[in-house]
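**Student:** Sequences and hints are given; from them, build the entire structure.
Residue numbers (this note's numbering), protein chains in the order written: chain V, 615 to 921; chain Y, 5 to 437; chain H, 23 to 311.
Since the hints were derived computationally from the structure, they do not count as laboratory data.
Some clues are possibly wrong.
EDC-like mimics (lysine to aspartate or glutamate), calculated; alpha carbons at most 20 Å apart, straight line [unchecked claim]:
1) Y/K384 to Y/D363
2) Y/K109 to Y/D119
3) Y/K225 to Y/E141
4) Y/K423 to V/D690
5) Y/K59 to H/D104
6) V/K638 to H/E206
Ranges between beta-carbon positions, derived for each pair [claimed, not checked]:
7) H/G101 to V/A774: 45 to 51 Å
8) V/M904 to Y/D297: 42 to 48 Å
9) V/D692 to Y/P235: 54 to 60 Å
10) V/L903 to H/A86: 29 to 35 Å
11) H/K140 to V/E682: 35 to 41 Å
12) Y/R126 to V/E682: 32 to 38 Å
13) H/P201 to V/D692: 57 to 63 Å
14) V/G729 to Y/E291: 38 to 44 Å
15) Y/D134 to V/L661: 49 to 55 Å
Note that this is a predicted model, so its numbers are computed, not measured.
Ideal Cβ positions, reconstructed from N, Cα and C, are used throughout, including at glycine.
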Amino acid sequence: MSTTTGTRVRTQTSFSLWANRHRKWVLAAPAMVFVALLIAFPLGWTLYLSLTDASGSIRAPHDFIGLENYFDVLSDTDRFWPAVGRTAFFTVGAMVVEMILGMLIALLLWRPFRGQGLVRIIILLPLVATPVAVGMMWRLIFEPTIGFANQFLSWFGIPAQPWLAGEATALPTLMFVDIWQWTPMVVLILLAGLTSLSDEPDEAARVDGANAWQRFWHVTFPLVMPTFITAVLLRGIDALKTFDILYATKGKGGGSFHEVETLNVYAYGLSFDYQKYGESSTVLVIFFLMIIGCIWLLTIRRKKSSL
Amino acid sequence: MKHRSIKVVTAAVAVTVLTGGLLAGCTTAEGEEGGKQTLRVTLANHVWTDIVKDKISDFEADHEGVTVEVTQLGEDQLSDQYNVKLNAGTDEIDVMMYRPLQEGKLFAQNGYLADLSDYVTRDAAWDWNDFQEGPVEATTYEGSVVGVPIITEQQVLYYRTDVLEKLGIAVPKTLDELEAAAKQIKEQGEIAGYVGRTGVSAAVTQWSSFLFSEGGDFANKDYTKATLDTPAAKEAYELYGRLIGQYGPANVSTDMSWPDAAALFAQGQVAFYSDASSLYQNLALEENSTVWDKVGYAPFPAGPAGSVPYNVPSWALGINNDSNKKDLAFDFVEWLTSPELTLEVQEAGVPAARTSVWDNPAGTASFPPQLAEAIAIGAKTGVGYDRPRVISVAEAREIVGAPIVVAITGGDVDAAIKKAQADFQAFLDDEND
Amino acid sequence: MTTTATSLIVTTSPLQRRRNRGRGYKAFRAIMLVLVALTFLAPVVWMVLSSFKTNVDIYNSEAAFIFTPTLKNYDTVFGQADYVQYIWNSFFVAAVATLLSLLLAVPAAYSMSRFVMKKSAVLVLLARVIPGVSLLVPWYFVFSNLRIVGTYTPLVLSHMFVSLPLILYIMMSFFDSLPEELEEQAQVDGLTPIGAFLRITLPLSVPGIATASILSFIFSWNNFMFALVLSGASTKTLPVAIFDFVGYASIDWGGLMAAAVVVTIPIMVIALFTQKYIVSGLTAGATKG
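**Tutor:** Laid out in structure tokens, this is it:
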């Protein structure tokens, strides 16, 4: 072999030595730098704007007003707090139903049966479907006069409902859509948890004469609790941030009475409809802190339950 | 052994470089060198757009080296894009289709729209004076022309000819007659009497003609004092509420914009519907409507102040102030709004903003004659705006529209008006600061 | 590959316990299963049916199930609108974003798993939590100053922002479950640590990488908010193109549904064939406790 090849191998090796010695960061840093680069500027910018009265155009001159936006937003009982309430109602409501239904369906699918593969494929469909397309699909189904939903009700003699169009029914209808789309995810996660369980505790309880409900509540459920909390965590973050289906069905402002205006929709409207960038940023910062808070609470709970 | 791992590394690097190269390849913007230019045009989904889009190749043929790149979006997505892009000071947009009454003031105030005053007088044959006065006023900001109106709308009254005939009701000429007729039809029990938009923001424009015809307005002339609690405004709120709430479809939705309201009429569920003239194809074309051959058209009914519908430019073309191809951009605008192309567009059923095409019999031939007449009357008696003339229109519409929804649902209208008046006054004070 | 995959797949309980289960329960279970399947399937079927209807049939409740199917809507989608281009855009952006995210995230996941870098992982996962609205304007501002707006680059970068944390999350739990002994053995045999990762661990991770890629592809394909603002005329993706059917003075419900079908079907077909990977990816880490 010629000497040039030898040198090349040697330089490679010294690079390789260096890379291997610092492999922890050589491997991890590129991804972290990428995410940090994409997050740092927007986050800093949002924090900065939340302390200013920027409106109209971001390029227009604006003044630094300290925490005034925060006082304004936190004392706004007209739009902000109702939006917080709706976000909580939507997230908690949809999640409770998803967890209960998800648990029931997971139990139903737990033991093998003929056609299991088919059922699994079917419940996977809502999960992978494009949210905007799903929103449009439900918009047509829930259309008060021409939609299939009211036609379906009329077969059972139930009067037509306004669904997405009604002040009181819009948010529950959207929760239904969320439940339709995301219960399968909960099912799959819980199913994974259930199938990893050993059969022994269940058998022991059966020998002791426990009935199906007692076995579930006192044996199976506590055992899948960690998985259950993970599902709550994963689902909760996404439910809090729901945007696509709200935008596709009700648009900016969330309806005539702001009936589906969650924090995300409110912040979007403040930016894109009212051009109040300062206030919008404040709402986003508060929203972000709330999400972090919720996750923190849940992780603590998860750690406790896995002890 | 080491050689293998080196190979893997090399492969990984190669993939990165390749993909990077691929991206970079796509990254290089269309070449501007060699006299080649790309004109970036953003247009809304509209019949108008569909018609002119097919003709753009003619423009490209006339201007060698020019490529026109059209982005087409729904109206909400369009304004979202403008909000992000113009805010960042982009020059990626040259010509933009915008809504003068909705965003015009905001865009002009933010300096997004180029001053076209010198351009519009450039070519006498193109004839800027041919454009209707109301629309031109809406595309003028502080004395400068910032847009060229392309599409106009007037509020008209759609009705079911068969229903009116059967019940022996004459076509209503006044708002009182309209209410009596709607009441009579509703009491007959077969179909509902009247429908209109009910969504808080959507309804404001279609309620404005009621407000004007009752003799009211959103605010005083210089927009310093809100006038939503005047007797005229109160009567307009209540009348609109009665028409839809009492004589409208059962369980009426409070979230309807034109698609839902027009669908109710197109399915034959309601006898009267008042909305923009530009919507008639949703009602009168066989492919969209079950009552397409039973649609009648009338001018907006008169109130105490006469028949005063809105007559507005719903869309205009502007040029991005940060565009570096303003001359070419205006060439394109001029071409799009030429008398010939305008006539062609209007013949396809899109009401235009040029006086000459309305005077030309060919310009109105494609419209149902009754509709053409209603539009002509509306254009004469109407006013040039259908929503508050403020900067933050979206917010103002939500304030003004709140009592409409309350009136429809039969709530406490007086309280709602009181609140709207106070809110709107605060809003104006804030904006006039 | 399939054999390694099975170890990752959530298999149903191996024990078959049939005693104490009467016919009544079996029938009840069957009915419930059918009901569940119908609930999840029906709306999709309705969407597909509507895409074959004229607008008059969509408005007509008597034509709910019996109507003359028309291909007109698909003709609109592929004829008038530039859907072939949009499909390509969606595919290209999703594929490139997934590929680049894999290159960054897989080594990072390996390092974070082996060195238990909890805090660093949290930083990357922060990207999953931040509300997307707060990113739009700043990103656009940066991208437009870099003069790359209207190209695929900002789209790919923004989609990578979604894909990377997802892949990292899935791959971390995958590497956690992979025993370290093999790598240690390889190092005894003379491989460098990075060599051991590339030569031993990576080939074993193919099922995990497949899972992560498929999910990343699906999420990128479905993304709406970033694509709405960051895509240009020639780079528009399918979810944004759906809104073409909501015009200023008319909604073309038939066309809208056909467009929705066109967006959804490719992803559903992918899901059908890769079902097992998707399930293992979605449930990654969920059972660790």
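**Student:** Now, for every hint given, state plainly whether the structure supports it.
**Tutor:** Taking the hints in turn, this is what the structure says about them:
no.: 1; hint: Y/K384 to Y/D363; result: holds (13 Å)
no.: 2; hint: Y/K109 to Y/D119; result: holds (13 Å)
no.: 3; hint: Y/K225 to Y/E141; result: holds (15 Å)
no.: 4; hint: Y/K423 to V/D690; result: holds (16 Å)
no.: 5; hint: Y/K59 to H/D104; result: holds (17 Å)
no.: 6; hint: V/K638 to H/E206; result: holds (16 Å)
no.: 7; hint: H/G101 to V/A774: 45 to 51 Å; result: violated (36 Å)
no.: 8; hint: V/M904 to Y/D297: 42 to 48 Å; result: violated (57 Å)
no.: 9; hint: V/D692 to Y/P235: 54 to 60 Å; result: violated (28 Å)
no.: 10; hint: V/L903 to H/A86: 29 to 35 Å; result: violated (48 Å)
no.: 11; hint: H/K140 to V/E682: 35 to 41 Å; result: holds (37 Å)
no.: 12; hint: Y/R126 to V/E682: 32 to 38 Å; result: violated (48 Å)
no.: 13; hint: H/P201 to V/D692: 57 to 63 Å; result: holds (58 Å)
no.: 14; hint: V/G729 to Y/E291: 38 to 44 Å; result: holds (42 Å)
no.: 15; hint: Y/D134 to V/L661: 49 to 55 Å; result: holds (52 Å)
Hint compliance for this structure: hints 7, 8, 9, 10, 12 are broken, all remaining hints hold.
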